[in-house]
Amino acid sequence: MKHLCLVPRQFKIALATLAAAQILNPDSSFAAKKQQPGDSGVERELRMKEGDESGNEIKALKTELLVMKTEKKALDQLLRLQKKYTGTRMEAEILFRLAELYMRRARSERFFEVHRNSDKVMTFAPKLVKEASESAEIKKAIVHYDRIQERFPRFHSMDIVIFNDAYANLQVGDDKRAAELLVLLIQKHSGSPLVPDAYLAIGEINFKNRNFQAALDNFKAIRRYPRARVYPYGIYKAAWTYYNMQDALSGLKELEDVIKFGREVATRGWDSKLDLRKEALGDIALFFSDVRPSSEAVDYFRAQAADLDPSQYIMRLVELYKRHSRHNDVELVLLDMIKKLPKGEATSSAHEELVWNYERTKRQAKAIEQLAAFDTYCGELEKNQQAECQKKIADASKKLATKWHGTWKKAYGLSTSNGGADLAAAAEKAYRLFLKSATTNDPDLPTVEYAFAELLYARGQYRDASQHYAALDGYQKKGVKLDPKVSHDAAYGAVVSLEKAVKDQKWSDEDEKRFGELADSYISRHPSGQYVLDLRFKRAFIAYEKERYDEAAPQFKKIGWAPEYLVANVVVPEKVVKAQDLYLDILNHKKDYRGIKEAAQRLMQASNGADRGLHIEKIYREAYFAEIQQKEEQGDLAGAIDAYKKFALENSTSELAPKAWWNASQLQFRMGDATGGANTCYQMHKLFPKSTNGKECLSKAARTFEAMGRLDNAARVLLNLAEVETEKQDQWRELAADFFALSGGKDRAILMYQKLAENRKPEAQLPLLEKAATLARETMDLKTLASIEAQYTAKGIEPQASRLVVEQAEDLFKKGDMTKAFNLSKKIIGRDGLPKELYARARFVQAQVLEDEYRKQSVKSRVERIGIVLAIKTEKLEKAQKAFQSAINYGEASVSVKAMVRLGDCYLDYSKTVRGMSLPAGMAQADQDAFKNEIEQLAIPMEEKGIESMNQALETAKKAQLREGQIADLQARVNRLNMKPATVALTVVAPQTYLPEFRTLASAGKEISK
Amino acid sequence: MKSFYRQLTLTVSMGGLLVGCASGPQVAQEDASAAKASRSYLENVALVPASEKLSESSSCTLPPEAQKPQPGQSAGPSKDWKKLISHANACVKERNWRTLETLANAIARSDIDSPWGAYFLALSAEGTGELSRAMWMIELAQKKAGGRSPLFAYHKGRIFFLMKDTARAMKEIEKAVAMDPGLAEGHLFLGDVYRRDQQPDRAQASYLAAMKADPKNERAIAALQEMNVLPKPQPQATTAQTEVKK
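Line order of the protein sequences matches chains F and L.
Heads up, the final residue of the first sequence is numbered 1032 in this note's numbering, and it's a clean run with no missing numbers.
Heads up, the final residue of the second sequence is numbered 801 in this note's numbering, and it's a clean run with no missing numbers.
Check before you lean on any hint, since a few could be wrong.
To be verified - Covered stretches of chain F, going by a simulated chain L footprint (3 or more residues, C-beta under 8 Å):
id	stretch
1	248-259
2	691-698
3	726-732
As the list claims (entries may be wrong) - Here are some of the chain F residues that sit facing chain L, going by a computed Cβ distance under 7 Å:
id	residue
4	K198
5	L764
6	A990
7	L1017
Hints listed in this document are in silico derivations from the structure and should not be mistaken for laboratory results.
Note that CB positions come from ideal geometry on N, CA and C, so glycine has one too.
Please put together the full structure from these sequences, using the hints given.
So, in structure tokens, the structure goes:
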């Protein structure tokens, strides 16, 4: 080990010197000053106050000024006395006093020198400060000491003069002069009590000049004066001199002597200033560490200290070991000390130091274990000792915790592998010990607790972390000011940790309450904090998750509908969007569709983002729709109808619009407002042509109008339905045409039928053309009729083509166009495969034409042509007869009856006609009679045939049950022919209309059958 | 010449209430649901021949309810339906077909299940000569009544008669009186046709049936007297509705 020139404590020497001066010169100014009765007021004024540095400085200045004033007075007085007593025996005494006074003044000068940089002192006494010079005053004293020695060698206190002179020279750095004076003292005044002091001083001068042997000799010389006050100092200094001479063992022995002497001083009750055991014990550690093993340390110190507490001196040894990184020695000594000196004053320090020793040797587990032991130790101390002990634990644990925590973060990246977990665990324990030990007014407490919370969070101990984060709020409530960032992060950390603690589990009531408290705390302390929104949202969300919708709803509303977000083109945070959605969801859950509608409408006005806007619009519409449905469910059907329609018109682009319109129609039907419902359906096709309900709605509208007998409306609806239901397009159009025909729209119907026929196959065209033809006939639309006939003919549609020809022939006959009528009929008869009815009718037309020819054939003629005329007439009759019989033979009752009647009429006409023939007046009576006889022969059979034909017609009509009055008519004719009296001919009229009358008792009329 | 009605032979199903359209809402079969829906409209109804005096008479005017008829509730008849029918009856009596049609439409609109709207529409069409339309409407009424109303069969017969299809008219009326022998006017019509067409036995049976339905029916009594089934009446006895043509 390298031994440096270590020095013992210097203050002891100065003290000893001054003390010696005081003993030897009790009347010195210093002593005198102390003995002066102080002015109690001034004394009080000048008394120092602890902690008041500025005030104390002024007070010290004032004191010095007072002293200087007194000294100046004393100096003036001495100088006057010097003049007065120069050359007398008093002069030596006066010089001595002057020297002493200059030494005292040197102290004052020193005061001002020391305070040269003090503004206050400079302000009060600038001149004094500037001119202050300690050495100048000391030199004045030296001059006076030297003058006494020169002029008054027999001065009674010459040993003191020499010693003080030496001391003054030491003060001004003149060691050589000082040493000369001290040697002079030893040699010339060997009996002086100041000789040991002189040895000590010479030893010090040599020691300072590293002249250790000389120093040691002088120090050893003191051992000859065991009663001297500097005796223990001499031994003590000798020990150090040995040490510097690298003889620690000898030095150790010297120190042991100092201790031994001190023990004797104490035992004998001598001046305690002579007891230097503590100084020796304090220094002995250095010597011990060089020459003795650590294992002996505790026992050695215990032995040396004896009745004194050795612990603090052992700690010095520990300190030395520590400086030299002798960690094992440290551990050994400290463990031994803790074990053997549990009550030692420095045992707590030993505990602490042991902790740090473990830390220095990277044994964190041992360190924390020791820290815990330390804590236990503190707890077992007297109460008045515990605070200090706890403070040590707090300090140590704080340092360790933060250090380990920092290392874990930095070196391990918060990883638990490769010892990271152990380090983190140690840090956690250290933090806990800190929090246990630290006093509430520890300024680091909040910061450390925050760090601890961070550690817990990093270690996944979230619930604990939350509590410790939250603790920072408590500090702030007590007035502790935290770094704003720490304050914020801690408040948020408390909440987040709690959330993490709960994980995905359901929030308990207790946790939820706590969350609320923490969130409130964050929000109130950091109203503009980054996470205010998140916390408000989460709080509401917990209530939502726990289905406390009434509680969650207003919170979500407050978040989602905050005015700052209801502005166009503002970026809306995700949480706000979510709050909006959840609020709407709650309203939906509560079936508060009106609420959803209004809320969504408000959002739509802001329309932030195209997608979001569309989404909200969809919600708005769905809610609007659902609200109407609700109205419907509540029975307000009329209101629901209006609302559905309003919705559909206001939201025509919505998918729900056609549904709303459809619903309105269905409600109208349900309410019995079939017309309204049908009209709504009719409008639906125009408003929402692509609606899926369009077909059904139109179909229902058509059915409704049909059911109401409003065929005109039904027809219009059917035309729309034809557009929607294309597969039945023709069917609905034909039906529409039917309805138009039945409701006054015959012209339109005709056109529609014809148009429909164009697109059909020939066989399917017929019914349509037939309808058109019938209507055309009813409306006398001959042009259309001709067109249809042309089509029939061109396309060879039978029997319609032939029927039209027959009808045309019948019509021509009625109009008197006999030739055309006959020829048209002839065409029919020439055709094959027609119904008998058409042949019969055609033949009947022909027969009637022939009848007409017969009837037109006159029988007026000259006598010589009568035969020819009758032959022609008869021939015409035969032709007509043949035609009528031909018509009759077809077996169509109605035609047959008519033909029989016409034929009968022909017969009767012939009979009547021939009977009406007469000969010229100039003919003989006999010729006349013969002619009439001949004519009668001709007429009678014909008349009989006519009657017979009429009877045949009657029978045929009866047999065929012809119900249009033919039977009665024929019967009347037959009766007339048979000369029977006319019978009452009954004309059947339409039966009466019945009218409904609602009665309680149906007595007057006929009650309708059920 | 055939009427348009006869020409329309298509049978188109619209589903629901009606089974036929263009050819009239043909009543293919009995419709229980329609009968149920219209039951309340047909209960306690006395059928009074138009020539007779009604016990409660109204004028042939349009009451406010007809000008803007309130939609009836689907659960049953509307409030004003009987009142509207009373006015319609008056219009039939006055042969005011335009007003009758308006009233009939109002009835059809406010009481869609009721057959009376269609019935009066049929009478209105008949009155204006639109026999095809009249036929379609009466068949609509028949359908609404569930398909088996003797009254509407009777009226269908009437329309056939006006279409000069007496045979089918008789068929419908025979069907009507078979369902409701109390329809004296139906029996009288049949009796007249049979009698005219020299089927005295059948005529006698019909007249007797008319008398059975309405024992004091003067026309039936007179006809039977003329047929010597009943003793001849005193000289002043005449028939009310039968026109005698000499």
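Here is how each hint holds up against the structure:
no., hint, result
1, 248-259, "violated (count 0)"
2, 691-698, "holds (count 8)"
3, 726-732, "holds (count 6)"
4, K198, "139 Å, violated"
5, L764, "5 Å, holds"
6, A990, "5 Å, holds"
7, L1017, "5 Å, holds"
Of the hints listed earlier, those the structure fails to meet are numbers 1 and 4, in rising order.
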